[in-house]
Amino acid sequence: MSTKEYLMSAWSWNPIVIGACAIALVAYAGLAGFKWRARSWYFLGAVAIFFLTLASPLNALANGFLFSAHMLQHMLLLLIVPLLLLLGLPEMGAGFRAPPWLHWFAGVSAMWIWHERTLCDLATRTETVRVIQIISLLALGALFWWPLAGPVERRRMPPLRGVAYLFSACIACSVLGIFIAFSPAGAVCPVYLNPPNQPALLNLIRHDWGFTPARDQQTGGLLMWVPGCGIYLAGILALLARWYGSVEKPEASPAPFLPAHPNAEEH
Amino acid sequence: MNPASTAISPAGIVTDEAAERGLLSWVATVDHKRIGILYLVTTFGFFLVGGVEALLIRLQLAVPNNHLIKPETYNQLFTMHGTTMVFLVVMPALIGFANYLVPLMIGARDMAFPRLNAMSYWLLVLGGLLLHFSIVAGGAPAAGWFAYAPLSESPFSSSNGVDYWILALLILGIGSVAGSINMIVTILTLRAPGMTLRRVPLFVWMVLINSFLIIGAMPALNADIVMLFIDRQLEAHFFLANGGGSPVLWQHFFWTFGHPEVYIMALPAFGMISEVIPVFSRKPIFGYSFVAASTVAIGLLSFGVWAHHMFTVGLGHTADLFFAAASMAIAVPTGIKVFNWIATMWGGAIRCTTSMLYAMAFIIQFVVGGLSGITFAVAPVDWQMHNTYYVVAHFHYVLFGGTLFGMLAGLYYWFPKISGRMLSEKVGRWQFWLAVIGFNLTFFVQHFLGFMGMPREVYTYPDLPGWGMINMLSTIGAFILGFSMLLLGANILWSLLRGAPAGDNPWNAWTLEWATASPPPMNNFERVPLIRGRRPLWDLAHPEQPDSPGATPQPAGETAIAKNKASMIVFIISEGFFFLMLVIAYVYYNRTAGTGPTAASSLNLRRTGVFTVCLFASSFTLWLAERGFRRRSRAAMLSWLAVTIALGGIFLAGQASEYWGLFENGVTVHTNLFAAAFFTLTGFHGLHVTIGLIALLIVLWLSRRGGEEDFRSPALETLGLYWHFVDGVWVVVFSVVYLRAFL
Amino acid sequence: MITQAASDLVLSPASPEAKALADLFVVTLIVCAVIFAIVAGLTAWCALKFRHRGQPGEPPQVAGNKKLEISWTLASVVALIFLFVLTVQAMRISDPPSERTPDITVIGHQWWWEARYAGGAVAANEIHIPAKTDVLVKVDSADVIHAFWVPQLGRKMDAIPGHPNRLWIRADQPGEYTGACSVFCGAQHAWMRLLVVAESQEEFAEWSARQTPAAKTPATPEAARGRQVFLARTCVKCHFIRGVDAEVQAGPDLTHFASRQSIGTGVVTNDATHLRLWLADPQQIKPACLMPDFHLSIGEVGDLASYLETLK
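Chains as they are written, first to last, in my numbering: chain A, 154 to 420; chain W, 2 to 744; chain H, 16 to 327.
Worth flagging that the hints you see were computed from the coordinates, not collected in a lab.
Do not take every clue at face value.
Calculated from the model, a selection of chain H residues having no Cβ within reach of chain W, i.e. all distances over 12 Å [stated by the list, open to error]: (1) E84; (2) V212; (3) G266; (4) S274; (5) N285.
Listed next, the in silico DSS-like pairs over lysine-lysine satisfying Cα-Cα at most 30 Å (straight line) [to be verified]: (6) H:K34 - H:K64; (7) W:K71 - H:K252; (8) H:K64 - W:K427; (9) H:K81 - H:K64.
To spell it out: a stretch of chain W is covered by chain A in this simulated footprint if at least three of its residues, at any positions, have a beta carbon under 8 Å from a beta carbon of chain A; those stretches are [stated by the list, open to error]: (10) 287-295; (11) 299-305; (12) 584-592.
Where a beta carbon is used, it is the ideal one built from N, C-alpha and C, also for glycine.
Chain A on its own, in the form it takes in the complex (with noise of 0.2 Å):
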């Protein structure tokens, strides 16, 4: 089997993600009273993106494959997928906020919990908890970004605590990232040392794209703590960039890369 095979052939069309898609835009276009605006494209984003993690051979290498594509489909569900959809919503009137801590640890503690060695083997063999790992990540993730990204405008967190909070989240989940990526492999998530019996797909991943254990696992940890920590950032940058927005005045000429001012070309 080559690459090219795999990729082509492992889709999966579980029909479950798909009227969970399905749904999701519908209520969504009610939501929106069906108008297209800007910030639609933020919850197609969401849609897109968390009927791809499900769908495509990323779900099937995460499952019990190839510990970096769980890691992968992790950080969408949890960080990515919730962030847009959120953004996605239309402004609201009202809502709720719990105190700023209890957002932070929901986030947290979906991305440590999850790796505790027997829940990690427990969602890659069983479904029932497979289900509520993908929904806790969703919901974990949404309760996580709704102080900075949430419909109600006037109820987010001012943009500097919103860097700490971002800042802090970077850091508690860096140490996790750091810990996986420096630890004996299958310390971790042991379920990925003895991957199904799949001969082909074993040959794939072990061969021709050179993951061993131990590498997959550093990959894993590495993907949490590098690009993890790189989501975070963008979002501490966006909020400086809302947060200087709000003042600045527009631009004072529009063109500065003109001929600079008369007086210079006197001499």
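Once you've looked at the hints, dock chains W and H against the given chain A.
Chains W and H only, in chain A's frame:
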């Protein structure tokens, strides 16, 4: 005492103008301006020492197979040169500038904690002296400024040099963390009305970010050198492979500090350039928010790129690739600043003063250093160029051609404010051109030495084709550069004696420090001007064309925090990083079972659980004491405080008995890595509990003495934060050490 | 004493691995040179074009331009992505997987190199390899961290105690290739040079065969006396000569000392004069090296040198 000459500083310190003269007054001063000057003078002194060391190094390398300096002496010279320039020159000089300028720039009368400020400075002096004391106490350290273990361990560095190095760095680290806490609190709480965080001069903003970098990075170094010290003095094996320790962990921890340190040494210089270029181009900074926000990005990313110093360690391609990507990512926010500075100059009316010349040279030279930095992010290139003279060229372009040139731009710019007199522009130009020629001659050619395969940190080299000539050129350059620095000293001395009076605002600049006399009076400002934008003095001079038309002096939405509480929060962040490093070390050393005692075999979960409950309960009782404090109930506060102290005491007694039991069974720091990591982690926690207990006892004593009316010690709330933090650390320690072993 | 063909070693690769590194370096340098030219050019242009020449008033107060700033940010991102893609490619070529038994184990010591061949030969400081062959080297350390670096043959790799590493070296042409220890390792880091001699397969086989047997019993009376000096004056506590005494590894194996080009890891040529000077007082030639001055008499020096010269 003459009431007219008495002023009260914001910290409540009564100062007497008459007492502000004479040498003793400089020793006793708590004025941020005088402390700033002390910092600058002291660092200039260390700069001369480090400079002479550099010249001796270049003299030895001028010709191949040279026998002028013995290898051991040479190694001491470059170790001291590196350590001096990093910890005793660049860092404290930038802190000195910040000390002088930040309160003036934000319209404050002094730093938030003037006495703490003085302490930070005197710790610098103490640390510097201690480091140099090693020379007469058996030999200076000779393991390089990053003291790679195991070379820095006792078997390979048996003199006391490394011990002095460790102690000096700990003291300097405490000084810088204290200084940074002070700086953060000053900037967050003492800004004049209207000076919002979005309006502070970029220098202030960069100092703020920089201070956060210091409080985050220093703990990593402290944890590292404390572990090395335990290895050296108590015979543990943290970094000794023959006891199962890991020399690689030293490097991880060191560069976790070391890479942010690079930015710690660069950001304030970026800030200076961001002040100098606009004023001499007669335009506002181009893209203030881009420069400010990209600084935040640098600050955060700088903690995630350390392993690009370790590409040749053999961490594997996966790790190398991720760190290569992260290191390239940090080049973006650093690089784009350069374009902001150029765009500021574009279309301006540039005054080519010496200060501006230095700023322009900074841009070009810093870019050379930045670009050669990118070649290291490209990991395979690093696999060749790591630890060669190419690296030496690279970081001197960043630190000398960049930071030091930036500081010189700042010195020529602010010297009139500090002294009241102008520096000579004529001498300045000579000095500038000699510095540019000398610097580039010294260091540009070293890139080629790297191509040729010359490793760094060698006391001599074989006579291979080209090596001798290039090294000779570099040595000549170094002496030109040295002469230029002497000229700078002469210019300063001449100016202090004969310089033209500066007046309040010789450069027609726009930030608040130029709104007062030169030098500023004791209290900084008679009146702080109205602040409606980022350039208050521009707004004053051009009421018809203000920066932000219609802006209010005090926009809503930014609330001030109490400074005591703020300082404790920042301190806790720093301590949190320290414990994080120790916890990581503990987990790392216990990731696989070694020989000898383990947590499961030698600890007692149930007994420690009881003491743990006491400690957690003490957090609750302290909360009750705080509630009593808020409800003005003296009895409740005092009694709950006493209960808290008792519970803390029980915890400490429990820990002592646990230690005693372990010692009885022969489990000590040098038994194995579990024991070393366990004693280090729990020992430092115990130390923090002890300090907290002493502080609580003091508060209890003060409150009891205070009487019925005045029992409310304002320290309680701040101390409470600390106590809760120490308990929080124990939650983590207890889970990682005890629960993980038994559950 | 060391001779080498090229002076800019890093940019004169002699193997596909080193060539991948050199090519990547050149491309990176070109990208950097272009960026440098833009920045330096713009700065110089501003300094000349926008210099104040006495005109009154202030220039237009332009405070920024978002589009422009976003564009140059994106431009720099694109340049770095380009470099990153090249990085990934070069990494694969220059440092391929190494899952087989190493051909040579190189162990760094303060301040010399020990090379143990899979075939049984033991060398010091001078590593012979067959040309046109991929050689897998395992690098380890006996004391502190060193780094194995022969720029023309491949990447550099740290020799870390307790953390052995591997790298490939290869020489497409026979010849001598110099290198050096590249991590500061103490007093004599400077004289921890490396010499790799690449030979044809036949020459290499011949060299290996010469290096393997034990030392011959000395034939001349001087050499025989020298052997006695070697045993009596504690040389034997650190140095091993196969066929003479038990195995110790503190100093270089001297079984085939006379076949080597240098003494003191590159500090002087291995000839009659230098050998006698070295034996008389190594601290004069390589100060602070771990071989002390044994205050041998002139006679002892002569005898010992005669003996060592027989160890071909």
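Hint check results:
Its closest Cβ contact with chain W, about 5 Å, brings E84 of chain H to no more than 12 Å, contrary to its assignment away from the interface. Taking the minimum C-beta to C-beta distance to chain W, about 17 Å, the non-interface status of V212 of chain H holds against the 12 Å cut. Every CB of chain W lies more than 12 Å from the CB of G266 of chain H, the least distance being 17 Å, so the non-interface label holds. Every beta carbon of chain W lies more than 12 Å from that of S274 of chain H, the smallest distance being close to 21 Å; the non-interface claim holds.
With 12 Å as the threshold on Cβ separation, the claim that N285 of chain H sits away from chain W holds: the shortest Cβ distance comes to roughly 15 Å. With a C-alpha separation of about 44 Å, the suggested pair K34 of chain H and K64 of chain H falls outside the 30 Å cut-off, and the hint is violated. Under the criterion of a C-alpha separation no larger than 30 Å, the hint pairing K71 of chain W with K252 of chain H is consistent with the structure, at around 27 Å. The straight-line distance between the Cα atoms of K64 of chain H and K427 of chain W is roughly 23 Å, inside the 30 Å bound, and the hint therefore holds.
Distance hint between K81 of chain H and K64 of chain H is fulfilled; the C-alpha atoms sit about 24 Å from each other, no more than 30 Å. With 5 residues carrying a beta carbon less than 8 Å from a beta carbon of chain A, the segment 287-295 of chain W meets the three-residue requirement, and the given coverage holds. Residues of the segment 299-305 of chain W with a Cβ under 8 Å from some Cβ of chain A number 3, which satisfies the need for three, so the listed coverage holds. Counting residues of the segment 584-592 of chain W whose beta carbon lies closer than 8 Å to any beta carbon of chain A gives 4, which meets the minimum of three for the stated coverage.
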